[in-house]
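Trainee: Sequence:
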Amino acid sequence: MNHEISVRPSKYIVCVDDTELSHIALRFACIKAKKRRIQIDLLHVIAPSDMQVLGAVASKVEAEERAQAETLMIKLSNLAYDISGIIPTLWIRSGVPAHEIVAHTMEHHDANMLVLAVAPGSKSGNRVIESLMMQAGEKLLIPMMLVPGNLTDQQMSELG
106 MNHEISVRPS KYIVCVDDTE LSHIALRFAC IKAKKRRIQI DLLHVIAPSD MQVLGAVASK
166 VEAEERAQAE TLMIKLSNLA YDISGIIPTL WIRSGVPAHE IVAHTMEHHD ANMLVLAVAP
226 GSKSGNRVIE SLMMQAGEKL LIPMMLVPGN LTDQQMSELG
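Just so we're on the same page, the numbering used here is the position in the sequence shown counted from 1, plus 105.
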């Protein structure tokens with residue numbers, strides 16, 4: 106009789122940008138992932154620009170935003186490795202952040218948690234989270250971990 110157990114790989118999807126809050130979410134996810142020996146995906150969404158530019162100017166702006174995003178992701182990947190010893194998978198998407206985050210999680214069936222940091226009193230960050238929460242019941246099929254932006258490293262270790 107064969108008693109092999111199929112283990113489904115799992116990972117955390119961490120939404121990142123160039124803010125300190127993002128670093129807090131990343132540190133928290135890394136501590137948790139290291140303890141559970143699972144993978145990390147870093148997801149950065151390039152939001153549509155408010156500028157109305159055409160043609161070559163638009164292409165140049167998009168190329169610059171992409172280059173900045175790639176530089177950011179390399180930096181955050183190195184930080185994740187330093188914290189956890191895990192080499193994360195890097196994802197860059199373009200579009201409305203909440204829509205792209207949900208789409209990414211739906212495409213990655215091995216994800217078991219979406220990790221974001223939140224700052225009390227933040228208007229812009231809370232809009233993304235509010236939009237995600239509205240879609241969570243309908244489309245988002247994994248738990249969403251909202252990491253308080255004021256957690257210390259000690260608190261993260263205790264909670265991880």
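Watch out, some of these pointers could steer you wrong.
Calculated cross-link-like contacts (lysine to aspartate or glutamate; reagent style EDC-like; alpha-carbon spacing at most 20 Å) [claimed, not checked]:
| # | residue 1 | residue 2 |
| --- | --- | --- |
| 1 | K140 | E212 |
| 2 | K139 | D187 |
| 3 | K139 | D258 |
| 4 | K140 | D258 |
| 5 | K244 | E212 |
Distance windows between CB atoms, simulated [claimed, not checked]:
| # | residue 1 | residue 2 | range |
| --- | --- | --- | --- |
| 6 | E170 | D215 | 16 to 22 Å |
| 7 | Q260 | S164 | 43 to 49 Å |
| 8 | A161 | T257 | 43 to 49 Å |
| 9 | A161 | K139 | 44 to 50 Å |
| 10 | A172 | M238 | 31 to 37 Å |
Treat the hints as calculated values from the structure; they're not laboratory data. C-beta: ideal position from N, C-alpha, C; glycine also.
Trainee: Now tell me, hint by hint, if it's right for this structure.
Mentor: Checked hints:
This hinted pair does not check out: K140 and E212 have alpha carbons roughly 25 Å apart, beyond 20 Å. A C-alpha spacing of about 11 Å is found between K139 and D187, which places the hinted pair at or below 20 Å, so the restraint holds. Restraint check: the Cα-Cα separation between K139 and D258 comes to about 14 Å, which is no more than 20 Å; the hinted pair holds. Restraint check for K140 and D258: the C-alpha separation of about 15 Å stays at or below 20 Å, so the hint holds.
With a C-alpha separation of about 11 Å, the suggested pairing of K244 with E212 holds against the 20 Å cut-off. Judged by the Cβ atoms, the range 16 to 22 Å given for E170 and D215 is violated: they are separated by roughly 29 Å. For Q260 and S164, the Cβ-Cβ distance of about 45 Å falls inside the hinted range of 43 to 49 Å, so the restraint holds. Against the hinted window of 43 to 49 Å, the Cβ-Cβ separation of A161 and T257 comes to about 48 Å, which satisfies the hint.
Distance hint for A161 and K139: a CB-CB separation of about 45 Å, consistent with the stated range 44 to 50 Å. A hinted range of 31 to 37 Å for the beta carbons of A172 and M238 is consistent with their spacing of about 32 Å.
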